Structures are given as structure tokens and as C-alpha cells.
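Listed here are the chains, written in short residue letters.
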Amino acid sequence: MIEFKNVSKTYGHTPDAPKALDDVSLSIGRGELVVLIGASGSGKSTLLKMINRMEQPDTGTLLLDGQDMARMPVRELRLRMGYVIQSVGLFPHWTVARNIGVVPTMLGWSRERITARVAELLSLFDLDPAAYGPRYPHQLSGGQQQRVGVARALAGDPDVLLMDEPFGALDPLIRAALQDEVKRIHQASGKTIVVVTHDIDEALRLGTQIVLLEQGRILQVGSPLALLSQPASERVADFVGRSDVGIKLLSLQGVGSLARVGAPENAPSLPISATLREAVSALALHGCNRLNLLDVTGSHAGVLHAADLFKHSRMGAQKGIEGSTHHA
Amino acid sequence: MLKLNHAWLGDKLLWATLLLAALVVSLPHSEPLFASLFPQLERPVYLQEPFTQLLWQHLLLVAVSAAASVLLGTLAGIWVTRPSGRAFRPTLETLVSMGQTLPPVAVLALAVPAVGFGELPALIALSLYGLLPVVQGTITGIQAVPGSVIQAASGMGLSPWQRLYQVEGPLALPVWLSGVRTSVIINIGTAAIASTVGAKTLGSPIIVGLSGFNTAYVLQGAVVVGMLAVVVDMGFERVARRVDWAR
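Sequence lines, in order, name chains A and B.
Numbering of the first sequence is given in my numbering, commencing with residue 18 and proceeding in unit increments.
Numbering of the second sequence is given in my numbering, commencing with residue 201 and proceeding in unit increments.
These aren't lab readings, by the way, just hints derived from the structure by calculation.
A few of these clues could be false.
[Said to hold, decoys possible] Here are the simulated distance ranges between beta carbons: (1) B:Leu271 - A:Thr76: 41 to 51 angstroms; (2) A:Thr122 - B:Pro346: 19 to 29 angstroms; (3) B:Arg438 - A:Glu198: 37 to 47 angstroms.
[Stated by the list, open to error] Just some of the chain A residues that point at chain B, by a computed CB distance under 8 angstroms: (4) Asn69; (5) Met71; (6) Ala87; (7) Met89; (8) Arg92; (9) Arg95; (10) Leu96; (11) Tyr100; (12) Ile102; (13) Ser104; (14) Gly106; (15) Phe108; (16) His110.
For clarity, every value in this text was computed on a predicted model and none was experimentally measured.
Virtual Cβ for every residue (Gly too), placed ideally from N, Cα, C.
Based on the sequences and whatever the hints tell you, model everything.
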């Protein structure tokens, strides 16, 4: 749905200025959750900002659904795209409800429809509309502010959601909760989402596709699994981390994939939505080799054997993890 | 269960306004008081024009010149914070600051040969003199809007005009208003000097008193001008409390 064709961009006018983007071609499919990752100065943010034309390419073209974006009216383009930034940027003089309603208002929705949409979005992010709608941004915590920021970006039901280091300023617990929420929204809505981050764990956790950038060039594009198991170069392997690739691989897979049918054992239990990484942690913590798995209602759903886990991983490493499924 | 609301009793603005009104109405009838204070003076109370009329003309002069300062200053301040006018910001700030360093009497003296005596040179001098605080307030207020808010506004699709009147304007309003407040208060004092070029203001008793060694006239004019400044300042304070979004 979004295509970059030979896009280059240089900041500054000196001939030796480093290129922010150097002949980048990239295709983002509809419904993907694409994570742009790289160190600072890699061009990831510039790439994102070109999608809503906050930045213009020096050379090359961007296509949206096959149409040249440079010929589209900027305002209409932006109204079709949600935009979330790290510093949130809520309007401090407006209530939370009015902040969320800004794009629907510009789209000319009726008052009733806007009110309903605001309430729907606040509920989606576990904020009581009656309590939080009339508040001002400074009366919210950092995590709540960014929830409102994401809600505001989603309010106009955009085709594309752009997020520029959305959770970088939040503490780890809240960041993880918000990552889960974004993932949930992506799965429920099927929206195309593009996220910029410098945190490889966030990229592995969120992305269906990861784009790894360095100094304005793309090093590798691929699924989290592909990036970990088949790094295209030494640079990629360095970036995803060598020593704990095994642990990261475990975090991509759910415990359900290794569950054995069997009666509950005398062992600690784990929700079936947990990852293999959490299972390893639980096994090490309790010093045991079996775990009971529980489904969402809390009833028994199988047993996990430590032996399966390590046998599977070892085989996976040898075979390039063929056949392992990617669980959300 | 009769409970009267006595909140107005604590209203300082109301009391100050009443005091100002009482002052201008009673001054022409205060001959015994000033005769006892200044026994050597033949005419101890300024009676050439009623103080009510002087107050009205003073207010009119300030209102018209302040309106000109606010309109020009705000537009100029907005312009130099837009991409199209950004390059002119240093020039504008220098120009306006230079205007402020000239003493108002000098501006008046320069305006008289150009436009003659009367209200017009006073209006020109006062308008120019009141520009700086308004321009500064506008620029400072708009500059103080967080970059993240501007970025979010543009990225969501607000047009430059919507961004100005929905986001930058309201957020800059408190700082802008304090600039306007300073401008108007300065003008109330400076308007008194306009009497030297023939405009009738509350400065007239002061100027006449100074040239005729009549301290009572000076005192009467000064007290009323001072009281007027206090009342207007209190009024601004009340408005400022209403427009402050960061309650």
C-alpha cells in the first residue's frame, strides 16, 4: 500500500553532508505492522515522516495505493493517517475528549458521532470516558497521556497509523502494556501500522515485518523470526544481539505450541498465552521440569515439559527453526 | 434561611472603580480641602474642564492608540513567527526596541511638525510607544508553544490557519495579554504628557500646574491618572485569570 522508490534525502546543503536516506526502496503491505529500527541517525524517523509528508524526499518517489504521494493534497493525506509522536503533543488547553475529537471534527463528523467515537476509544484504552473525557492532559500520567495520544491518532479511523518512538519516554511496565494494546488494535482492526523504535525487543515484540536501517540504508527487511535466525550480514547479527538470540527466539513463540495433553501435575502453572521465554524463566525460578498451562478461564489446558523446550530449540537452531510458528 | 451573597463586598476592582468615580466627581467641589492644604494658591482646584471630561478624553486617547498598537503589534508578531516572515523577526524587534528607547516627549516633538498640534500627534506617539510590549508578548507567547504540540498539530492535518487560531493563539493568549496589559498601562501614564501638544487629557492639570507653579493642580491630575492606572490594571488581572488555560 505504501511504496518507497529509490528515495534519497540529505539534510543541509554542504556536498559532504551525510545522507539521511540513501536510495531506499521499500514496500509496506496493507495490514502489516512494520517496525523501522536502527541507531540514531539511521534515517528511520525521516523515512516515517515522509509517509505523511512531514519530510520531502530529495529524489525518488513515494506511492500510496499506486498513486504518487507528492501530487496528493497534504492535508487530506494527513487526515487519512494517524500520527503519534514520542512527546505526545496533546493540546494542553483542550480536554481529553476534545483532543481525541480533533480529526473527526475536521472531517466534519456530527457531534453525536464524535462523542460516541471518543467514548469508544477511551474505553478501548481502559480509560473511563465519563472520568477521563473532561480532564486536561496535565491531569494525566505519562502512560495515560500516550494512550490518549494513540486514541487521538485512531479517532478518524485512518488507513495508516504512524508512530514515531511512541513509547520511548515511558517506563518499562507501561511500555509493555501499551505495546500489547497496539498489537491488539492491529490484530482487531487490520490497520497498516508503521512504528519507529531503537529498541530491538520492542521491534521483535510488535512487528510483523522489521526494517533494519543503518546510515540511511536498509540492512535487512524481514519477519522477527527471519531477522533472528537468518541475519543477512554481520551488522544485522550484531544489532539483534548474538549472545541472547536463543532467548529472543524463545520470546517469539507461545507455550501453546509445545503443550502436551495430560492431567495436571504437581507443578507451578503458567497462562497458555505466555511465551517460551517466560516458561524458561518459570522453570529456572521454580527449579522444576514441568509446568501446568492454564487457559484464559483458568482451567487446565495442558502440560509443558522442559525437555521438549530445549530439544525443540536445539533442533530449531540446527534447522533454522523450520516449522516453528509465530505466536502473538 | 435568608442568605445574602456578600461576595461583591470583597471585590477590589469594584471598590477601586467607585473610588475613581467619586474622585473625578468630587474634585471640582473640593475647594475647601485644597484651600486649606495650599493656602497660598489663589485657585487651588483645576476648573478649566471638568475632571469627568478629562477622564473621558484620556480614556478615548488611550483606547484608540492602544487599539492601534495591539492590532499592528499582534499582526507583526504573528507574521514574524510564520515561515514567510521569520527572516524579518530580528529587524522588527530592533526597530520596535529603538522606538521604545526614544523618550515619548521626543516622539511628540517630532510628530508635531509633521501633523500639527492636537490629538493626532499624541495618537501617533502613543501607538508607536505601545508597540513593543505587544510585539514581544505575541512573539514570546507563540514561541513558548511546545514544539511537540506544533508537530502533532501539523502531522494530524491542521492547516496553518487552523493551527494558528486553534492551537498557537489560545496557548499564546496569556503571554500576549500580559504584553497588552503592559502596553496599555504605559500608555495611560504617557498619555498625560500628550497635553504638551494640545490634547486634552488628565495630564492637562499637571502641565498647567507645572508651568504655573500650582502644586495643587499637579496633585489632582496625578492622583486621578494613578487611580485610573490601578483600576485598568486590576481589570486586566481579572481578564488574565479567565484566559489562563493552565488553571
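Going down the list of hints, with the structure as the test:
{"no.": "1", "hint": "B:Leu271 - A:Thr76: 41 to 51 angstroms", "in the structure": "holds (45 angstroms)"}
{"no.": "2", "hint": "A:Thr122 - B:Pro346: 19 to 29 angstroms", "in the structure": "holds (21 angstroms)"}
{"no.": "3", "hint": "B:Arg438 - A:Glu198: 37 to 47 angstroms", "in the structure": "holds (44 angstroms)"}
{"no.": "4", "hint": "Asn69", "in the structure": "holds (6 angstroms)"}
{"no.": "5", "hint": "Met71", "in the structure": "holds (6 angstroms)"}
{"no.": "6", "hint": "Ala87", "in the structure": "violated (17 angstroms)"}
{"no.": "7", "hint": "Met89", "in the structure": "violated (12 angstroms)"}
{"no.": "8", "hint": "Arg92", "in the structure": "holds (5 angstroms)"}
{"no.": "9", "hint": "Arg95", "in the structure": "holds (3 angstroms)"}
{"no.": "10", "hint": "Leu96", "in the structure": "holds (4 angstroms)"}
{"no.": "11", "hint": "Tyr100", "in the structure": "holds (4 angstroms)"}
{"no.": "12", "hint": "Ile102", "in the structure": "holds (6 angstroms)"}
{"no.": "13", "hint": "Ser104", "in the structure": "holds (4 angstroms)"}
{"no.": "14", "hint": "Gly106", "in the structure": "holds (3 angstroms)"}
{"no.": "15", "hint": "Phe108", "in the structure": "holds (6 angstroms)"}
{"no.": "16", "hint": "His110", "in the structure": "holds (4 angstroms)"}
Consistency with the previously given hints fails for numbers 6 and 7, ordered from lowest to highest.
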